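**Student:** Sequence:
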Amino acid sequence: MKHLHTALIATMAMIGTTALAIDVSKLPPASARKDITYEKDIKPIFEASCVRCHGGEKKAKGGLRVDSLEALLKGGEEGKVIETGNAVKSTLLIAVSQLDPELSMPPKPKKRGPGGPGGPGGPGNQPPPKPLTPEQVGLVRAWIDQGAK
1 MKHLHTALIA TMAMIGTTAL AIDVSKLPPA SARKDITYEK DIKPIFEASC VRCHGGEKKA
61 KGGLRVDSLE ALLKGGEEGK VIETGNAVKS TLLIAVSQLD PELSMPPKPK KRGPGGPGGP
121 GGPGNQPPPK PLTPEQVGLV RAWIDQGAK
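Residues in the sequence shown are numbered from 1 upward in steps of one, following our numbering.
Calculated from the structure, these hints are not laboratory results. Computed from a predicted model, the values in this text were never measured in an experiment. Beta carbons are placed, not taken as given, at the ideal position from N, Cα and C, and that holds for glycine. Treat each hint with caution, since some may be false.
What the hints assert, rightly or not - Between beta-carbon pairs, the in silico distance windows are: (1) Gly-85 x Pro-127: 16 to 26 Å; (2) Lys-34 x Thr-133: 18 to 28 Å; (3) Lys-74 x Glu-47: 11 to 21 Å.
Build out the structure end to end from the sequences listed, making use of the hints.
**Tutor:** Here it is as structure tokens:
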């Protein structure tokens, strides 16, 4: 599992060269909202769907933490995931948009033995994190385009 996740992060790091292979016309449109901030608008989304694996006390998967703006802008073990001002070239946007099955975050849940389905970072019966809605993806897109502040 660790190797699979490392491969996923490595693939995400290469998105700058592969983003053109993704049909960006299928991305949800950027939100029309202005002055989107990490603390007010983006952090609550990531807390609901991403922090279980990419934040908190334990080592974040792939070294990518999304529980603070500074950590998110720093990126993970394989480099930056945000191209500030250019959302469609940002690994983060491609991953949360679920357009590429290899990059999708959160990943699809897997069976976890007799306990039934469990999400990434969750044992047994813990429900998997929910993918971002198109509206949330549009908000992330606009936030990155506006400078990821």
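**Student:** Now tell me, hint by hint, if it's right for this structure.
**Tutor:** Quick rundown of the hints versus the structure:
no.: 1; hint: Gly-85 x Pro-127: 16 to 26 Å; verdict: violated (35 Å)
no.: 2; hint: Lys-34 x Thr-133: 18 to 28 Å; verdict: holds (20 Å)
no.: 3; hint: Lys-74 x Glu-47: 11 to 21 Å; verdict: holds (18 Å)
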